[in-house]
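Residue numbers (our numbering), protein chains in the order written: chain A, 271 to 424; chain B, 6 to 137; chain C, 7 to 420.
Worth flagging that the hints you see were computed from the coordinates, not collected in a lab. Backbone N, C-alpha and C fix where the C-beta goes; we use that ideal spot for every residue, glycine too. Check the hints yourself; a few may be wrong.
Output of the computed footprint for chain A on chain C, the stretches with three or more beta carbons under 8 Å from beta carbons of chain A [unchecked claim]:
id	stretch
1	41 to 49
2	191 to 200
Every beta carbon over 12 Å from chain C, so not counted as near; a handful from chain A, in silico [as the list claims (entries may be wrong)]:
id	residue
3	G290
4	E316
5	G353
6	I407
Computed cross-link-like contacts, DSBU-like style, restricted to lysine-lysine with a CA-CA straight-line distance of at most 30 Å [stated by the list, open to error]:
id	chain 1	residue 1	chain 2	residue 2
7	B	K90	C	K370
8	B	K20	C	K372
9	B	K90	C	K405
10	C	K350	A	K406
11	C	K193	B	K131
12	B	K70	C	K232
13	B	K70	C	K224
14	B	K70	C	K221
15	C	K232	B	K20
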Amino acid sequence: MTNAMELYQLLPKTNCKKCGKASCMAFAVALMARELTPEDCPPLKEEPKYKESYEKINELFKPAEGATETGLIVHEDLCFGCGNCVVACPPNVANDPYGVGSGNAPRNVGKLVLTVQDGIVRAQNLVECRRFGKNKILCNACIVTCPVEAIEFV
Amino acid sequence: MDFTSFLKAPEINVKIVTYRDIFQDKAMIENRFGEEYRNLSAVIKLDPSDFKQLSVKKGDSVILKNSFGTVVVIAEESGYEPSHKGIAYMPSSPWSNMLVSDETGGTGVPRFKDISVTVASAKGQKVTELES
Amino acid sequence: MEKNYYVCTGCGMLCDDIEVESEKNIINKVYTACRIGVAHMKDGKESAVFRVDNKPVDEATAISEAVAILKNAKNPLIFGLGTCSDETQELAIELARKTSANLDDTSSYCLGKVIEALLNNKFKACTLDDVRNKADVSIFWGSDPSDSHPRHLSKHSYFPRGTEKQRGWEEERTAIAIDVRKSHTAKICGNYFFQIPPGGDKEFIDALIAALAGKLPKTSYNFPPKRILELANILKGAKFGVIFVGLGLIYSLEDLEPLIQLMNALNEKSNFHLVPMVVHYNMRGFNENLFKETGYVNSVKFEDGTVKHGPEYSIVESLKAKTVDAALIIGSDPLSSLPRSISKNLLEIPTIVIDPCETLISKKAKVYISTAISGVESGGSATRMDGVKVDFKPVIETKRPSDEAVLKKIMEAL
Numbered sequence: 271m272t273n274a275m276e277l278y279q280l281l282p283k284t285n286c287k288k289c290g291k292a293s294c295m296a297f298a299v300a301l302m303a304r305e306l307t308p309e310d311c312p313p314l315k316e317e318p319k320y321k322e323s324y325e326k327i328n329e330l331f332k333p334a335e336g337a338t339e340t341g342l343i344v345h346e347d348l349c350f351g352c353g354n355c356v357v358a359c360p361p362n363v364a365n366d367p368y369g370v371g372s373g374n375a376p377r378n379v380g381k382l383v384l385t386v387q388d389g390i391v392r393a394q395n396l397v398e399c400r401r402f403g404k405n406k407i408l409c410n411a412c413i414v415t416c417p418v419e420a421i422e423f424v
Numbered sequence: 006m007d008f009t010s011f012l013k014a015p016e017i018n019v020k021i022v023t024y025r026d027i028f029q030d031k032a033m034i035e036n037r038f039g040e041e042y043r044n045l046s047a048v049i050k051l052d053p054s055d056f057k058q059l060s061v062k063k064g065d066s067v068i069l070k071n072s073f074g075t076v077v078v079i080a081e082e083s084g085y086e087p088s089h090k091g092i093a094y095m096p097s098s099p100w101s102n103m104l105v106s107d108e109t110g111g112t113g114v115p116r117f118k119d120i121s122v123t124v125a126s127a128k129g130q131k132v133t134e135l136e137s
Numbered sequence: 007m008e009k010n011y012y013v014c015t016g017c018g019m020l021c022d023d024i025e026v027e028s029e030k031n032i033i034n035k036v037y038t039a040c041r042i043g044v045a046h047m048k049d050g051k052e053s054a055v056f057r058v059d060n061k062p063v064d065e066a067t068a069i070s071e072a073v074a075i076l077k078n079a080k081n082p083l084i085f086g087l088g089t090c091s092d093e094t095q096e097l098a099i100e101l102a103r104k105t106s107a108n109l110d111d112t113s114s115y116c117l118g119k120v121i122e123a124l125l126n127n128k129f130k131a132c133t134l135d136d137v138r139n140k141a142d143v144s145i146f147w148g149s150d151p152s153d154s155h156p157r158h159l160s161k162h163s164y165f166p167r168g169t170e171k172q173r174g175w176e177e178e179r180t181a182i183a184i185d186v187r188k189s190h191t192a193k194i195c196g197n198y199f200f201q202i203p204p205g206g207d208k209e210f211i212d213a214l215i216a217a218l219a220g221k222l223p224k225t226s227y228n229f230p231p232k233r234i235l236e237l238a239n240i241l242k243g244a245k246f247g248v249i250f251v252g253l254g255l256i257y258s259l260e261d262l263e264p265l266i267q268l269m270n271a272l273n274e275k276s277n278f279h280l281v282p283m284v285v286h287y288n289m290r291g292f293n294e295n296l297f298k299e300t301g302y303v304n305s306v307k308f309e310d311g312t313v314k315h316g317p318e319y320s321i322v323e324s325l326k327a328k329t330v331d332a333a334l335i336i337g338s339d340p341l342s343s344l345p346r347s348i349s350k351n352l353l354e355i356p357t358i359v360i361d362p363c364e365t366l367i368s369k370k371a372k373v374y375i376s377t378a379i380s381g382v383e384s385g386g387s388a389t390r391m392d393g394v395k396v397d398f399k400p401v402i403e404t405k406r407p408s409d410e411a412v413l414k415k416i417m418e419a420l
């Protein structure tokens, strides 16, 4: 993956603030954090002279396609539904202590980040994931508990 | 007779340890006569040094032989550390069972996880089909 | 809202928290089960198959042919039953008595010895619920639940919160793998994976017992003594330890004596239990049901109102010695699971196969009857790997008869 500086080089560098950020550098950082998307920069998206840069930036973010807002990707072909991640996920435990937190079927599906359906883990409700939003941390409970590296953050 | 043809296809002795594999089990439940089950069963996982000695590459066919049976399976890299030269792994299946000894010492328990075979390249040969 | 949970009969864990979406007797979605469970639950079929000599027949013809085979046999083998309910197993035991049969199940060549020892109180046992609520040290020895019982670690042995384990796995639990290869389970155990050479289990046990007694642990394969001492220290400090015994350990030991000694040594210092990693959902049930009736867990021969027992009555030895002259095989495929060098002898005798799915032996059978999948298309009760009784109901309906119904008909016709 790229870094914020590389992204900055592709931006208009006019600090127009149309994206809501104070500067293009701040926008680049927000892009990296996946708070904003390339589309959130109106000049980049609309002005023909930035077309090439816009496509390049979109290309950079392409590997993360299929990834969720937190960058979480489930490799469905590897996952066999053991549920280790479901039970170890801290927000899952906090939101459903007697269901998935205790190794059982979900009792509070609406609040869970990870569940197992048809033998494969599904990610949902990523606002609950510790890697999401302003106060995110680099939680890796779902990664270290996976026997087959089926979960990845990009 | 071309003596070098014997040298070209070296034979090694390995001990096979069998194990369970979840995807192979799943494939068996879905269709034990299917291709997926065969692809996940008829394999032997070898150490890199054994690959070298056999001069085969991963994905090549190899022939496993002992006095109980002969099967052609696909050679795969085990990916296991540390080196396990001379020890190979196979998921338990009708393929591994074709090689298990009938010697039980009267205990009723065959040595499923302790199979001695010779391995040789069988490039181009098809994997043994299940009789049905 | 009260949820409707089903029991998964895909393996010996008998997970009792499975939700299912179905329509017109087809299961579309399965929640919380692993891949094995999902494949198992979605394997249902609507219509029944009855065959004699590989030709389709009606049910009555198939049953009467089966009865004829059993009547003509002097020493029939009745085998399988690990994926049948208690009710079916009890019928099979009765049928074996009636036909003076040789009765055995898959446990004779896997974990039967361990179950027998457990039933004779040779090991301290506990339930999987105890494990979830209390266990601080779980040892997977020659077992790889990630592949054989995929939810084992998440539902019971490592990751869940339990009544006395509220702070989470990182702080309160240690998972240890002892194995000949880095299995998926060993990978999760990280630094607590102890890799030993094939056949090295007995020596490792002896070394561990020495380490527990404060002696220098030695092995012929030079396993670092420091690591064995480190392991012994963890085990000594366990408040509630469990060894999950798999075939990797059992096949490597000539008898259970070393394991009994290890458990005794552990229980002098701490508190250790043993749980067998039973694969078939009701293999333990068969062992317990037969034990109740005869005092043996497998490998029996009924004759003139008496019961004989010994390895010579196991499927392996009886096929090898060709002492059986017909076979009734229920929910098992010896042609898949036994050495071909032994199972080939089955092809020389008439066989009756009762199984939900086509198998290598069903295609060679004299009589084949396809039955409902126990736990998916028919209900009953079973015994979990840890000895806990579990009742289950069918998830969907099928036109296929249950194995229980088929055995009843055979019994009546005899």
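Now for the hints, and whether the structure bears them out:
1. 41 to 49: Since three or more residues must qualify, the claim that chain A covers the stretch 41 to 49 of chain C holds, with 5 doing so at under 8 Å.
2. 191 to 200: Since 3 is at least three, the answer is holds.
3. G290: holds (39 Å)
4. E316: Holds: least Cβ distance 43 Å, greater than 12 Å.
5. G353: The claim is violated: A:G353 sits with its nearest Cβ about 4 Å from chain C, within 12 Å.
6. I407: holds (15 Å)
7. B:K90 <-> C:K370: It is violated: about 39 Å lies between the C-alpha atoms, which goes past 30 Å.
8. B:K20 <-> C:K372: Given that 30 Å is the threshold and the Cα spacing comes to 37 Å, the pair is violated.
9. B:K90 <-> C:K405: The given pair, whose Cα atoms are some 53 Å apart, is violated under the 30 Å limit.
10. C:K350 <-> A:K406: Violated, at roughly 62 Å.
11. C:K193 <-> B:K131: Distance ~33 Å between C:K193 and B:K131 Cα, so the pair is violated.
12. B:K70 <-> C:K232: violated (40 Å)
13. B:K70 <-> C:K224: violated (36 Å)
14. B:K70 <-> C:K221: Measuring from Cα to Cα gives roughly 44 Å; hence the hint is violated.
15. C:K232 <-> B:K20: holds (29 Å)
Hint violations for this structure: numbers 5, 7, 8, 9, 10, 11, 12, 13 and 14, all remaining hints satisfied.
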